[in-house]
Amino acid sequence: GEPRKFDPKFRGPIHNRHCTDIICCVIFIVVILGYIALGVVAWVHGDPRKVIYPTDSYGQFCGQKNTLNKNKTILFYFNILKCASPVVLINLQCPTTQLCVSKCPDRFATYIDVQASYRYRPDQWNYFRQFCKPGFNNPRKSVAQVLRDEDCPSMIIPSRPFLKRCFPDFSTKNGVLTVANQTTFKDGRGKTRNVTDLREAANGINNVLDARSVGMKIFEDYAISWYWILIGLFIAMMLSLLFLVLLRFTAGVLFWIFIFGVIGIIGYGIWHCYWEYDHLKGIPGSDLTVYDIGFQTDFKVYLQLRQTWLAFMIILCGVEVIIILMLIFLRNRIRIAIALLKEGSRAIGYIMSTLFYPIVTFLLIAICISYWAVTAVFLATSGEPVYKVMANQTLCKYANLTCDPETFNTTNVTKLCPGAQCTFAFYGGESLYHKYIFIFQLANAFVFLWLVNFAIALGQCTLAGAFASYYWAYRKPADIPLWPLFSSFGRAIRYHTGSLAFGALILAIVQLIRVILEYLDHKLKGTQNSFTRFLLCCLKCCFWCLEKFLKFINRNAYIMIAIYGKNFCTSAKEAFFLLMRNVVRVAVLDKVTDFLLFLGKILVAGGVGVLAFFFFTQRIPVFAQEVPMLNYYWVPLLTVIIGSYLVAHGFFSVYAMCVDTLFLCFCEDLERNDGSTAKPYFMSASLHRILGKKKLSPKKA
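Just so we're aligned: 456 in the numbering used here is position 157 of the sequence shown, and the numbers increase by one with no gaps anywhere.
Calculated directly from the structure, the hints in this document are not laboratory data.
Keep in mind that the hints are not guaranteed to be accurate.
[As the list claims (entries may be wrong)] The calculated SDA-like cross-link candidates involving lysine to any residue, where the alpha carbons are at most 20 Å apart (straight line), are:
1) Lys734 <-> Val339
2) Lys641 <-> Lys890
3) Lys490 <-> Asn378
4) Lys364 <-> Tyr352
5) Lys485 <-> Ser416
6) Lys490 <-> Ala415
7) Lys890 <-> Met625
8) Lys485 <-> Val442
9) Lys641 <-> His948
10) Lys463 <-> Asp405
11) Lys890 <-> Ile852
12) Lys775 <-> Phe785
13) Lys641 <-> Lys775
14) Lys822 <-> Ile812
15) Lys402 <-> Pro457
16) Lys463 <-> Gln363
17) Lys485 <-> Ala408
18) Lys865 <-> Phe876
19) Lys822 <-> Cys840
20) Lys978 <-> Tyr863
21) Lys890 <-> Phe628
22) Lys865 <-> Cys966
23) Lys432 <-> Asp450
Use the sequences and the hints to build the structure in full.
What follows is the structure, encoded as structure tokens:
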């Protein structure tokens, strides 16, 4: 008969809908519009090329169009010895003049030598001059003044471009570090220095170069083997589908085989411990206690003691007894859990389209991530160049103050601090927009978290709606509505955007607090204040637990929203109390589901991984000719294994949602109906059978 006759109050997940949490919905839409506006403003002000290209001392980046740097794409440091570590070079500014050049120097030369010989060797002067400030051509100016005003570098060194910057061209000859086959060089200030000084200034560059060559090899491997990787992932998809479809026949068998396997293995462990214990009887030294021996790094010493094997035996016996007792007392609930798993497999069989819904969630999250990343980069690079006084002397009172390069030479800073310069420091600004960039970055991160959580919530609510319409169909599959997934998605968007946004907002706030705590922890790493670190550790732990709890509550609240269409708070409260009334069932079902799905993921990833390993190492004779020649066979292999795991995770997350939804519906069914002709159960026959005698009495266990 028609299900609606039995309970006039409840009509399944489709009827009597109205919009919920409208205020939150309005706020959500306003925030999204604000987010788009923020992105536009950042796009207008920002210029990511400032991050990609190096910037000279005048605040212009190398290769910038319509400037003198148009064809000069590489940055050259006047005195690289002042930059002791490459971290300074890549992230911050180095306290020396920086200039854009078209190519790096290819020889050793010092300004003193070049100036002394400029009359009869003008070619050398012209070569050296291209590394001086633009327009400088005055070989008569005294060396001291040239070096003080930093018109020219005191020396040039054979270099090669790396990350668009000139670095010394190191090579090793007979184990000795050289630059252009030389181990010493003149620094242009009257000293001869060792090449190792340069090495310190460019420390770690060689490692980065090695990493770069490895990166290129990995890229080549991907280019050759990408279609085989895709085939591997397709096999993983097929295996995941097969596993889910077969679960309705194998869920019980898999679970019980595993449980009895565990009991058997532990039983063997107990027997082995007893055998070892008995075997060591009478052997000298075996009767010593662990306390007598004290702490030993060699673990084998402990295995020669009878006491160790006795302890192992007692622990294993304890575990064995606990497992057997749990099986005896929870056998009915385990049977219900397995029946629900089988029911979940059946539901997915009827609504196969749900398995491909994670692709929608994935695309939504990918859009959020890319929009957030682009906005963050544009925000970080929005700003005008800010110049600061760089002084050679440490006592200059004007050091690190902002200045204007146009008027700098007319100020009295140059008189008070000889050799001081006005160089580019960073991108920033004094306007209202620039002052609040940090706030904008926080807002950007917060809205990003909110949108990602909303995308996940929308997926959960949509799937819950589709599976609930399966459960509340009295005759399955005849009463399942047409297009259950599509209509559920429509309901979630049309009526419940506000509720989903509300749930996502609560989670986003907690996640933002966690991000801020991580940032603080990172900042305070240097300070050894143990109380502060303990407090931070406690807070991080509390908020981690809170986030886990909220995710659990939200998930079940979305299921209730999908079934009844009430607002978020009501749904969360009803879901929570319903679960509390069935708390043991929840625990058992959760663990059984987690275990079977974990087993599934390992089977899929492991199976495809083993197959890929045999394929890429040419162990499969049929395909031996097809295998591409790779630099590192582990590159595609790892990609296939991780990819397979993620594919399986995507499919199994749908299945987990299905089981959770069916469980909540099952609990509701037990509380609303009693199996009489007036109030028949909606559950399947297999679940009905397990409940056995409880058919006629409403049981709230």
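How the hints compare with the structure:
1. Between Lys734 and Val339 the CA atoms are separated by roughly 18 Å; this keeps the pair inside 20 Å, and the hint holds.
2. At roughly 15 Å between alpha-carbon atoms, Lys641 and Lys890 fall within 20 Å of each other, so this suggested pair holds.
3. This hinted pair checks out: Lys490 and Asn378 have alpha carbons roughly 14 Å apart, not beyond 20 Å.
4. With a C-alpha separation of about 12 Å, the suggested pairing of Lys364 with Tyr352 holds against the 20 Å cut-off.
5. Straight-line distance between C-alpha atoms of Lys485 and Ser416 comes to about 16 Å, which keeps the hinted pair within the 20 Å bound.
6. At most 20 Å may separate the alpha-carbon atoms for a hinted pair to count; Lys490 and Ala415 meet this at roughly 17 Å.
7. Using a Cα cut-off of 20 Å, the hinted pair Lys890 and Met625 holds, with the two alpha carbons roughly 13 Å apart.
8. At roughly 15 Å between alpha-carbon atoms, Lys485 and Val442 fall within 20 Å of each other, so this suggested pair holds.
9. A hinted pair counts as satisfied when its Cα atoms are at most 20 Å apart, and Lys641 with His948 qualifies at roughly 19 Å.
10. Under the criterion of a C-alpha separation no larger than 20 Å, the hint pairing Lys463 with Asp405 is consistent with the structure, at around 16 Å.
11. Taken as a hint, the Lys890 and Ile852 pair is honoured in the structure, with Cα atoms around 17 Å apart against an allowance of 20 Å.
12. Proximity of Lys775 to Phe785 is assessed by CA-CA distance (about 19 Å); at most 20 Å being required, the pair is judged to hold.
13. For a cut-off of 20 Å, the pair hint linking Lys641 to Lys775 stands: about 15 Å separates their Cα positions.
14. Using a Cα cut-off of 20 Å, the hinted pair Lys822 and Ile812 holds, with the two alpha carbons roughly 15 Å apart.
15. Note on Lys402 and Pro457: the hinted pairing holds, with a Cα-Cα distance of about 11 Å set against a maximum of 20 Å.
16. At most 20 Å may separate the alpha-carbon atoms for a hinted pair to count; Lys463 and Gln363 meet this at roughly 13 Å.
17. With a C-alpha separation of about 8 Å, the suggested pairing of Lys485 with Ala408 holds against the 20 Å cut-off.
18. The straight-line distance between the Cα atoms of Lys865 and Phe876 is roughly 15 Å, inside the 20 Å bound, and the hint therefore holds.
19. For the hint pairing Lys822 with Cys840, the CA-to-CA distance comes to about 18 Å; that is within 20 Å, so the pair holds.
20. This hinted pair checks out: Lys978 and Tyr863 have alpha carbons roughly 19 Å apart, not beyond 20 Å.
21. Simply put, Lys890 and Phe628 have alpha-carbon atoms about 16 Å apart, close enough for the 20 Å limit, and the pair holds.
22. A threshold of 20 Å between alpha carbons decides the hint, and for Lys865 with Cys966 the separation of about 18 Å falls inside it, so the pair holds.
23. Taking the CA atoms of Lys432 and Asp450, the gap is about 5 Å. The hint holds against a cut of 20 Å.
Consistency with the previously given hints is maintained throughout, with no hint failing.
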